[in-house]
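Listed below are the residues making up each chain.
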Amino acid sequence: MVMSEKSANRVTNIFKAKEFGLFMILVVLSILIGIRNPIFFSFHNIIDIFRNTSYTLIIAVGMTFVLVAKGLDLSVGSMIAICGMVCALFLSWGYPIFFCILTGLLTGAAFGAINALCIVVFHIPSMIATLGCMYMARGLVLVVTKGAPVYPLPKEFVNLGTRTFFGVPFIVVLSFIICLVAHFVLNNTTYGRRIYAIGGNIETAKYAGINVAGTTASVYIISGVLAALSGIMTSARMGSGQPSVGDGTEMTVITAVIIGGTSLNGGVGTILGTALGALLTNVLSTGMNLVGISAYWQKFVTGLIIIVAVGIDQYQRRKVRS
Amino acid sequence: MTIVLEIKNVSKKFGPVTVFSHVNLSVEKGQIVALVGENGAGKSTLLNILGGVYPAGTYEGSIWIEGEEKRFRGEKDSKRAGIEMIHQEISIHLDLSVAENIFLGNLSNRKGFVSWKQVYLDAQNYLDIVKLNVDPHETARNLSTSQHQLLSIAKALASHPKILLFDEPTSALTEADAANLLEIIKGLQKRQITCLYISHRLEEVIHLADRIIVLRDGMLISDKPKNEITINQVIRDMVGRALDEMYPKQQITVGDEVLRVEGITVAHPYIAGKNIVEDISFSVSAGEILGVSGLVGSGRTETMDAIFGCSKRKSGKIYIQGAEVHIVRPSDAMKAGIGLVTEDRKRSGIIPTMSLRENMTIADLQAVSRMGLIQKNQERQLSQTYYDKLQIRATGIEDNILHLSGGNQQKVVLSKWLLKDIKVLILDEPTRGVDVGAKVEIYNVITDLARRGLAIVMVSSELTELMGMCDRLLVFSRGKIRGDFPRQEATQEKVMSAATCVDDLM
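Each protein sequence line maps, in turn, to chains U and W. Quick note on our numbering: the first sequence kicks off at 1 and runs consecutively. Quick note on our numbering: the second sequence kicks off at 1 and runs consecutively.
Check before you lean on any hint, since a few could be wrong.
Said to hold, decoys possible - Computed footprint of chain U on chain W, listed as stretches where at least three residues anywhere in the stretch have a Cβ under 8 Å from a Cβ of chain U:
id	region
1	310-321
2	372-383
What the hints assert, rightly or not - Label-pair restraints from in silico Cβ distances:
id	chain 1	residue 1	chain 2	residue 2	range
3	U	G311	W	S91	18 to 26 Å
4	W	A367	U	G21	30 to 38 Å
5	W	Q250	U	Y315	44 to 52 Å
6	U	L180	W	A367	54 to 62 Å
7	W	D279	U	G311	54 to 62 Å
8	W	H326	U	N265	47 to 55 Å
9	W	Y270	U	D247	43 to 51 Å
Stated by the list, open to error - Going by beta-carbon spacing under 10 Å, a handful of chain U positions derived as facing chain W:
id	residue
10	G94
11	P96
12	G161
13	H183
14	F184
15	N188
16	T189
17	Y191
18	Y207
By construction, these hints were calculated from the structure, which means they are not laboratory data. Positions of the beta carbon are idealized from the N, C-alpha and C atoms, including for glycine.
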């Protein structure tokens with residue numbers, strides 16, 4: 001009796017969850033696109049959408065941590081380039097693959113730490129600090145490479161970008177695992193709870209004995225490392241370190257996270273929402289291509305969707321409060 | 001006498017919850033009407049309907065101003081009908097000048113150009129009415145809290161209102177400042193301005209109002225002129241039962257010393273070379289409730305923050321049960337067994353994005369986790385226990401904390417510290433913005449904690465509350481302790497003269 005009540009509750013909770021609405025939009029949108037152009041539902045296309053989503057999603061997970069803690073990280077796009085580049089450079093000098101990947105990840109961590117230092121120690125607003133970091137990282141890439149791509153890269157490394165498990169690309173598996181871990185961390189650990197607390201009300205968090213500086217710093221490092229991972233995988237996929245890669249990606253990522261229901265005001269957001277948001281933005285751009293909407297209109301539609309999504313979210317929140 | 005405002009058969013629901021039903025009320029011109037009732041009784045909602053915050057169509061019934069039915073679509077409509085609202089949270093633009101604040105959105109201009117000379121002249125006029133003695137050119141940031149409150153009244157007067165709505169205007173003020181404010185409101189009566197007034201401070205209400213209306217559970221319980229009413233009667237109407245004893249103070253044997261602070265000094269945050277807290281020393285024992293009184297800005301809150309490690313001490317030592325503890329951040333204080341309920345619930349007490357459960361366990365996640373993993377069942381059980389124990393009124397522990405009334409929010413904040421095994425609990429204004437019924441419940445919790453052997457420091461602006469609850473009373477003024485009275489010796493006069501430093505004005 002009690003059990004059935006509980007499971008019934010769980011079912012109604014699924015329908016009530018904000019993510020359910022997002023999921024329904026995704027389904028409806030997919031069907032509409034599929035009707036116009038059946039290619040959309042081809043195995044090849046679906047895998048392609050998941051692959052493209054994964055590169056964004058890995059960074060979006062880090063961004064979710066940052067936004068939940070009421071921060072912002074604009075440097076992720078440049079981080080893709082510099083970390084992918086560092087990894088590629090070491091590879092081209094003949095270092096072992098594992099070492100090169102590690103160096104790339106550490107570069108991400110280091111830039112995350114610089115962001116954290118500026119924000120936590122020098123109290124620079126996160127938008128400004130990471131904006132500065134965005135330009136500095138991009139600048140460094142151009143200084144080191146003089147604008148030229150780094151290649152060729154060893155075959156074993158390039159294989160990482162093309163490798164599949166039963167038809168599923170490695171990057172998709174990787175991003176799925178990252179989402180699972182991140183979801184668990186945010187929901188089930190004291191660390192995750194502290195991030196929500198800091199984003200919800202930093203003063204209360206401080207008075208509750210939470211190490212606000214340390215926790216805040218950690219989310220920027222997580223964001224840096226995940227951006228680095230995405231950058232390294234991008235290098236593998238392209239078979240070279242490209243200096244211009246990831247230009248503007250920060251906006252794509254923030255868009256996905258915000259459509260996924262994470263609030264810029266902090267304290268609110270889920271990994272499931274972020275994953276759906278990332279998928280939705282990708283389905284939308286792929287779908288518009290397949291349906292034959294011009295690339296010029298695509299940007300317009302993306303902008304419109306951000307405003308509508310956040311508008312609906314704000315409306316619901318106001319309703320809850322009154 | 002002309003009727004200026006009539007509320008006919010007004011009912012208001014939020015979703016399935018009825019806030020109040022079929023309220024009828026008519027108010028004469030120039031009357032001061034007080035609305036009292038427990039939190040959640042519907043007082044603020046009623047004012048918000050009059051203020052246009054809840055537009056016509058979201059409630060049933062009708063509002064009549066000077067015999068004309070009004071349907072406000074928003075706050076602007078309400079203002080146009082001559083209603084001005086003064087909120088509990090003061091909305092002053094800190095970086096604008098006093099005059100600019102008064103005429104904000106209402107600047108007198110000639111063909112689109114502001115005539116500043118006229119603005120400052122007019123501003124002075126309104127400042128005189130509210131007896132606010134500041135330069136109209138002054139930046140609002142440099143004013144005190146009570147001056148801000150006066151400024152917001154001046155601002156309301158600038159649009160020549162017929163009706164002023166006050167939603168707890170004195171809750172952030174000390175008694176002296178509040179008394180001053182009440183005199184000014186009385187003065188408005190001579191200008192034929194009608195006032196509707198919400199307050200939790202009953203003494204103040206009885207003193208001020210011509211008529212007192214009690215709301216309970218969405219019903220108008222009583223509506224009586226001032227001379228037919230007593231405080232006890234009002235309280236009985238509010239809570240629906242007799243309150244023989246507001247303060248459940250019991251004689252508890254005071255045990256050994258638990259907390260001792262010596263020579264706490266804190267530098268002034270804005271003025272270099274000045275101390276906001278200077279050489280404060282005191283001690284509290286197990287089972288003792290130490291009251292701390294003083295005006296806002298006397299250094300009380302800063303002292304408590306310094307003890308808790310939330311602000312930097314210049315000097316000073318802290319001892320727990322005789323052993324010195326080194327506190328540089330709140331987690332150190334918590335480890336030493338100190339808890340702090342902060343003065344401003346909204347700013348530093350609650351986390352608005354979280355449920356009751358999450359709010360309750362946030363200061364002691366260790367208790368509900370193993371190796372960094374939150375044990376959800378354990379967390380639910382623990383928060384449910386305190387939810388029941390403190391009789392928090394909500395739909396359950398998963399309810400969002402913003403859905404709760406002030407008193408119930410405060411109980412959640414309190415339970416945050418009850419979960420922990422603490423030795424000292426510092427309460428800074430534990431009953432601010434809390435209705436009488438919940439106040440008594442909070443007093444009961446505090447008394448219970450003292451009985452369990454906790455040492456309690458209670459900071460408050462309400463003298464009656466301190467004299468009712470505390471064993472000993474410290475009076476802070478200008479960063480120093482100016483008085484130390486045992487319960488029997490503390491009188492209103494003694495405390496006030498110590499708080500205002502009558503004998504050593506510099």
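Structure-based check of all given hints:
1. With 1 residues having a beta carbon nearer than 8 Å to a beta carbon of chain U, the region 310-321 of chain W misses the requirement of three or more and the stated coverage is violated.
2. Check result for the region 372-383 of chain W against chain U: holds, 4 residues qualifying (beta carbon to beta carbon below 8 Å, three or more required).
3. The beta-carbon spacing between G311(U) and S91(W), approximately 25 Å, falls within the hinted interval of 18 to 26 Å.
4. Checking the proposed 30 to 38 Å range against A367(W) and G21(U) shows it holds: the Cβ atoms sit about 36 Å from each other.
5. At roughly 51 Å, the beta carbons of Q250(W) and Y315(U) sit within the given window of 44 to 52 Å.
6. Distance hint check: the CB atoms of L180(U) and A367(W) are about 27 Å apart, inconsistent with the given range 54 to 62 Å.
7. In this structure the hint that D279(W) and G311(U) lie 54 to 62 Å apart at CB holds, the actual value being about 56 Å.
8. Evaluation of the 47 to 55 Å hint for H326(W) and N265(U) yields a failure: the beta carbon distance comes to about 36 Å.
9. Evaluation of the 43 to 51 Å hint for Y270(W) and D247(U) yields a pass: the beta carbon distance comes to about 44 Å.
10. Hint status for G94(U): violated, given a least beta-carbon distance of 40 Å to chain W, over 10 Å.
11. Because the beta carbon of P96(U) sits about 33 Å from the nearest beta carbon in chain W, more than 10 Å, this interface hint is broken.
12. Using the Cβ-Cβ criterion of 10 Å, the hint placing G161(U) at the interface with chain W is not satisfied: the shortest such distance is roughly 34 Å.
13. Nearest Cβ of chain W to the Cβ of H183(U): about 14 Å, over the 10 Å cut. The hint is violated.
14. Look at F184(U): its Cβ gets to within about 9 Å of chain W, closer than 10 Å, so that hint holds up.
15. The beta carbon of N188(U) is positioned within 10 Å of a beta carbon in chain W (closest approach about 6 Å), and the interface hint is therefore held.
16. Given the 10 Å rule on beta carbons, the hint for T189(U) holds: about 5 Å separates it from the nearest Cβ of chain W.
17. Annotation: interface hint on Y191(U) holds; nearest CB of chain W at approximately 6 Å, less than 10 Å.
18. Because the smallest distance between the Cβ of Y207(U) and any Cβ of chain W comes to about 5 Å, under 10 Å, the interface hint for this residue holds.
Hint compliance for this structure: hints 1, 6, 8, 10, 11, 12, 13 are not met, and every other hint is.
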